[in-house]
Amino acid sequence: MVQERRILYEHLDTPNINTYDVFRQHDGYTRFEKAIAEYQPEEIADMVKEAGLKGRGGAGFSTGEKWSFVPRDIEPRYLCCNADESEPGTFSNRYVLEKNPHLLIEGILICCYAMGIETTYVYIRGEFTLGKKMLDAAIKEAYEQGYLGENVRDTGLNINIYTHPGAGAYICGEETGLIESLEGKRGQPRNKPPFPAVQGVFMKPTVVQNVETLCNLPFIVGNGVEWYTQMGPTYGDARFDPPKADPNTGTKLYCISGDVNEPGVYELDLGLTCTELIEVAGGLRGEEVKAVIPGGSSAPILTHYELDTRLDFTSLTLAKSMLGSGGIIVMNETRNIVDCLLNIMKFYAHESCGQCTPCRWGTPWVRDIVQRIADGDGRQTTITRPKFGVTESGRWGDTGETEEIYEDLDLLENVANNIANVDTMTWNTICVFGIAVSWPAVSYMRKFRPEFEAAIREGKLVTLPVAEATVPPEENYAYQQRIIPKEFADL
Amino acid sequence: MAFIKLNDLEIEVEDGTNIVEAAREHDIEVPHYCYHSGLSRPANCRMCLVEPYGPIPGAPPGTIGPARQLATGCTLTVRSAPPERKLEEKYDAIVRTDSERVIKAREDILEFLLVHHPLDCPVCDQAGECDLQDFSYRHGHDKSRYLEVKNVPPKKDLGPDVLLYSTRCIVCTRCIRFCDEVSGSGELGLINRGSHDEIDIPRSHEGIPIQLLDNKLAGNVVDICPVGALISKDFLFKSRPWFMEKANSVCSGCSVGCNVTVEYKTDGVYRIKPRFHEDINQHWMCDDGRLGYHYVNSDDRLQLPQKRVDGELVTTQWADALTLIAENLSEVDAADIVVIGSAQGTNEDNYVLQQFAHDVLKTTQLGLFGQLPGEEHKFPQFTIEADKNPNTAGARTILGSANGNVVLEGDALWEKVAGAKVVYLVSGVPERALEDAEREALEKVDFLIAQDVLPSAVTELADVVLPGTTFAEKDGTFTNSTGWVQRIRKTIDPPGEAQVDWEITQQLAKQLGGEIDYHFAGEIAIAIAENVAGYGDATHQNIGDAGIKLD
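Residue numbers (the numbering used here), protein chains in the order written: chain A, 1 to 491; chain B, 1 to 551.
Incorrect hints may appear among the rest.
To be verified - 27 Å max Cα-Cα, derived DSSO-like pairs, lysine-lysine:
hint: 1; chain 1: B; residue 1: 86; chain 2: A; residue 2: 192
hint: 2; chain 1: A; residue 1: 346; chain 2: B; residue 2: 150
hint: 3; chain 1: B; residue 1: 104; chain 2: A; residue 2: 192
hint: 4; chain 1: B; residue 1: 378; chain 2: B; residue 2: 216
hint: 5; chain 1: B; residue 1: 549; chain 2: B; residue 2: 378
hint: 6; chain 1: A; residue 1: 192; chain 2: B; residue 2: 5
hint: 7; chain 1: A; residue 1: 204; chain 2: A; residue 2: 49
hint: 8; chain 1: A; residue 1: 204; chain 2: A; residue 2: 185
hint: 9; chain 1: B; residue 1: 246; chain 2: B; residue 2: 265
hint: 10; chain 1: B; residue 1: 233; chain 2: B; residue 2: 490
hint: 11; chain 1: B; residue 1: 421; chain 2: B; residue 2: 510
hint: 12; chain 1: B; residue 1: 444; chain 2: B; residue 2: 362
hint: 13; chain 1: B; residue 1: 490; chain 2: B; residue 2: 510
hint: 14; chain 1: B; residue 1: 549; chain 2: B; residue 2: 246
hint: 15; chain 1: B; residue 1: 216; chain 2: A; residue 2: 185
hint: 16; chain 1: B; residue 1: 378; chain 2: A; residue 2: 185
hint: 17; chain 1: B; residue 1: 238; chain 2: B; residue 2: 490
hint: 18; chain 1: A; residue 1: 460; chain 2: B; residue 2: 150
hint: 19; chain 1: B; residue 1: 155; chain 2: B; residue 2: 238
hint: 20; chain 1: B; residue 1: 265; chain 2: B; residue 2: 490
Stated by the list, open to error - Stretch by stretch, here's where chain A covers chain B in the computed footprint (C-beta under 8 Å, at least three residues):
hint: 21; region: 105-114
hint: 22; region: 189-196
In case anyone wonders, no lab produced these hints; they're calculated from the structure.
Beta carbons are placed, not taken as given, at the ideal position from N, Cα and C, and that holds for glycine.
Input sequences plus hints: build the corresponding full structure.
In structure tokens form, the structure reads like this:
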């Protein structure tokens with residue numbers, strides 16, 4: 001049985017950890033003080049790179065590498081903390097904000113020190129009123145204690161934190177959408193390049209980091225790189241010679257919800273399998289696993305054949321899915337995949353910012369097609385192809401093979417792929433919202449096609465038994481992809 | 001300069017040029033909606049996707065291949081690269097606009113654009129000059145796969161001259177960016193989100209407009225709208241674009257001298273649209289100029305000469321009017337004659353007029369008449385000047401070009417007029433009210449010859465009225481306030497027996513035995529080039545469509 005390894009969440013349940021005094025008793029701000037006392041800013045950045053910390057917000061991009069893109073000769077530079085946690089199925093940041101906000105402030109301080117940043121904006125999801133209240137109180141305390149403001153703890157550093165509530169748009173969790181919203185404009189993502197690291201908030205170099213990523217920094221500094229890299233697997237990318245290390249180090253806050261007995265946030269090492277994770281969360285509620293969404297609603301779904309997939313950035317990428325924000329949704333045999341997709345598509349059609357053409361008009365179209373299938377109005381044609389062969393009467397003639405054509409399924413796949421192509425991983429949209437729409441649409445449809453076909457054929461939603469509903473792995477496009485790469489091996 | 005390979009062409013372009021512009025220079029079409037060279041580039045229509053080439057990650061050095069993602073041509077700018085980053089050792093960029101992926105991407109985007117489009121081309125004003133029509137025809141599908149219900153957002157009245165047919169809108173945001181960046185007034189914005197995006201003006205909760213789209217540049221949003229969403233009320237349902245003839249001309253509304261295209265049929269001018277000129281008006285023009293053409297089509301236009309009989313103006317024949325004028329002019333001393341040219345007239349009109357005054361009448365007393373000054377309007381990227389005449393600078397120079405000529409303006413002019421016996425006033429200024437001093441001065445004149453296009457305050461006082469022509473009915477040149485000499489072109493025929501102003505003056509000269517004999521405006525321009533300092537190059541041939549700037 002896998003045990004939780006609580007690092008970020010260690011003191012989550014400690015009473016009054018949200019106050020400075022209690023936080024201080026539990027090593028609070030000592031890591032920051034250690035950073036200032038023992039390391040140069042560049043050394044901290046190198047440590048983060050060596051530790052292999054990957055951004056926890058969704059893309060899983062190496063944090064150290066991202067920092068290295070920030071030009072250090074342009075002033076001012078900004079840190080923007082992304083606390084707009086709005087991916088369906090994700091709820092780990094809010095506990096940090098509500099229960100242990102000083103940890104986030106310490107992470108911000110270390111990042112500011114490492115990058116020479118004086119101003120930090122924390123963009124908090126509008127619905128997190130309690131989280132914002134707690135963070136604001138903690139920031140006030142930190143100012144009083146001299147950790148924020150001018151000349152922090154007599155080190156000559158000036159660090160200020162400003163909190164900014166969002167107004168409820170999903171797309172403002174996208175880094176450039178967030179920046180636009182922060183600047184007071186419509187929350188619409190920007191074209192990239194230039195990336196925020198070069199031109200971000202107010203067109204100045206900006207580091208945009210998720211709450212969870214920043215919360216990892218105190219522990220990397222406090223306990224050292226070696227301690228940190230023990231956790232989680234490191235793969236070798238054999239496309240390079242010698243294989244390039246592809247670390248998935250550290251712990252991840254997995255938000256497990258759906259059909260498990262004890263849903264909640266679990267802090268575990270990266271690299272555990274789905275099966276292990278379900279076990280940690282009190283086991284499955286129901287008879288058998290039908291599907292698992294591994295990384296928030298935009299991640300491609302995993303079938304019960306794929307439960308041995310390791311839940312880390314690299315393994316899930318190879319499985320043609322993604323770890324994303326770590327929002328894991330488990331579904332048992334009673335769930336109807338068409339219905340699930342409809343639910344997700346309604347969300348995306350509502351949340352499309354409407355800036356660029358394919359997403360603005362493609363997303364509601366995809367929703368409408370799924371809606372039509374779910375309503376039982378999906379289109380289907382039976383065509384007869386002439387085929388020369390031995391007929392029933394024993395003579396040579398046209399055997400008239402028939403074939404079922406599900407036009408709406410082809411249309412669904414085609415329209416979704418026109419927004420963003422999941423096979424080539426290219427998108428015609430400005431931001432990755434496009435792929436977040438077509439990933440679920442195409443993967444649900446391809447992996448659970450029998451259930452979609454049944455809905456069209458029967459004219460209503462039909463929940464098939466798990467084995468019948470799932471496309472077998474050898475026919476499953478993602479599964480084939482998953483077993484190919486021998487180029488990735490444990491180092 | 002950057003050396004790039006565009007499809008199979010090897011071309012040189014300026015550093016910082018984007019692919020849409022680079023391709024346009026070489027007649028390669030990169031379809032686009034949101035991109036406009038005078039505005040910022042949000043790259044939101046995704047129509048101009050092109051395929052850039054670059055080094056392939058993981059492949060041996062020097063291997064060039066298409067990039068994984070297509071890039072938008074409007075934001076993909078090219079610059080000369082350092083030698084080690086040249087592609088195939090010589091190109092600064094390699095871009096394809098005709099690859100399979102690009103063609104497929106265009107088809108896909110067009111399909112999305114037409115999903116909610118009402119396809120009401122038969123009743124849409126834009127049909128025939130619509131980018132959505134053109135690009136669909138050239139790059140799109142021939143049928144729709146969309147079965148669902150289309151969005152039907154409401155039609156909106158945005159301002160005095162602009163209607164928004166929201167159903168046709170493709171949310172390219174050109175109009176919003178125009179109001180933000182060029183006019184700086186920011187009336188337009190997006191409301192709602194996602195597929196319910198709509199362009200709108202600020203409204204109260206009840207839907208009552210708080211601010212209308214009524215800035216002086218508002219009409220430009222109609223021009224830059226790539227589809228038929230923004231429609232000019234002035235032009236609504238007037239004509240199909242392909243039935244109209246077009247002529248490159250210059251706006252006569254103020255001294256900026258915006259380059260325009262006059263669109264007309266035989267029965268009149270239908271609309272005026274701005275034409276690009278880098279140094280004068282860029283892509284824009286103001287609504288005063290755009291909507292100021294209506295007097296040309298007016299039913300009240302002067303069609304025959306008139307003379308005053310028993311205090312009433314009655315129409316007469318040209319021969320009669322000219323004889324009458326000649327009689328009166330020959331009776332008085334040159335010192336008692338004042339000849340007033342018009343700042344609304346062309347350089348050619350004024351040149352013949354000063355020649356007439358100088359050579360035939362032997363008077364050196366010339367004046368300049370024009371529209372009363374209005375208000376100056378400054379916008380972030382555009383200025384409407386206070387001088388409401390297109391040719392003040394040109395008329396002033398040319399009237400005063402001969403030896404001894406004195407060009408009087410303002411109070412000095414009206415003092416002189418008050419003491420004169422015969423005044424030949426060429427007006428042609430629409431809707432010109434007379435100030436008290438002007439009226440008093442003109443009332444004192446014994447014999448006032450007024451040459452105008454419409455019955456006006458001037459013709460009311462005149463003893464003889466000669467029907468002249470507007471900017472739309474003659475060839476010639478205007479000189480704007482910054483010294484650009486530009487062509488205007490004849491579009492429609494003058495109404496009735498109205499004649500081009502310099503021809504009237506020339507006939508008068510002949511009546512008085514003068515020797516002025518020009519056959520067309522270009523001939524006068526050559527004479528101007530020969531005789532007027534600074535106008536040496538300003539022949540019609542040299543001026544062309546671009547105009548030339550005086551030293």
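Given hint residue 185(A) paired with residue 378(B) - CA-CA distance at most 27 Å: This hinted pair holds, its Cα atoms lying about 26 Å apart.
Distance restraint between residue 549(B) and residue 378(B), which requires alpha-carbon spacing of 27 Å or less: holds, 23 Å
Hinted pair residue 104(B) and residue 192(A), Cα distance within 27 Å: holds, 22 Å
Holds or violated: residue 216(B) to residue 185(A), with C-alpha atoms at most 27 Å apart: Given that 27 Å is the threshold and the Cα spacing comes to 26 Å, the pair holds.
27 Å Cα cutoff - pair residue 265(B), residue 490(B): holds, 12 Å
Verdict on chain A covering the region 105-114 of chain B, criterion of 3 CB contacts below 8 Å: With 6 residues closer than 8 Å to chain A, the region 105-114 of chain B meets the three-residue bar; holds.
Chain A over the region 189-196 of chain B, status - at least 3 residues with CB closer than 8 Å: holds (count 6)
Hinted pair residue 460(A) and residue 150(B), Cα distance within 27 Å: It holds: about 25 Å lies between the C-alpha atoms, which stays within 27 Å.
Hinted pair residue 549(B) and residue 246(B), Cα distance within 27 Å: holds, 25 Å
27 Å Cα cutoff - pair residue 378(B), residue 216(B): holds, 10 Å
Hint consistency between residue 155(B) and residue 238(B) [alpha-carbon to alpha-carbon, up to 27 Å]: Holds - the C-alpha atoms of residue 238(B) and residue 155(B) are around 19 Å apart, at most 27 Å.
Restraint check for residue 233(B) with residue 490(B), where alpha carbons must lie at most 27 Å apart: It holds: about 26 Å lies between the C-alpha atoms, which stays within 27 Å.
Of the numbered hints stated above, none is contradicted by the structure.
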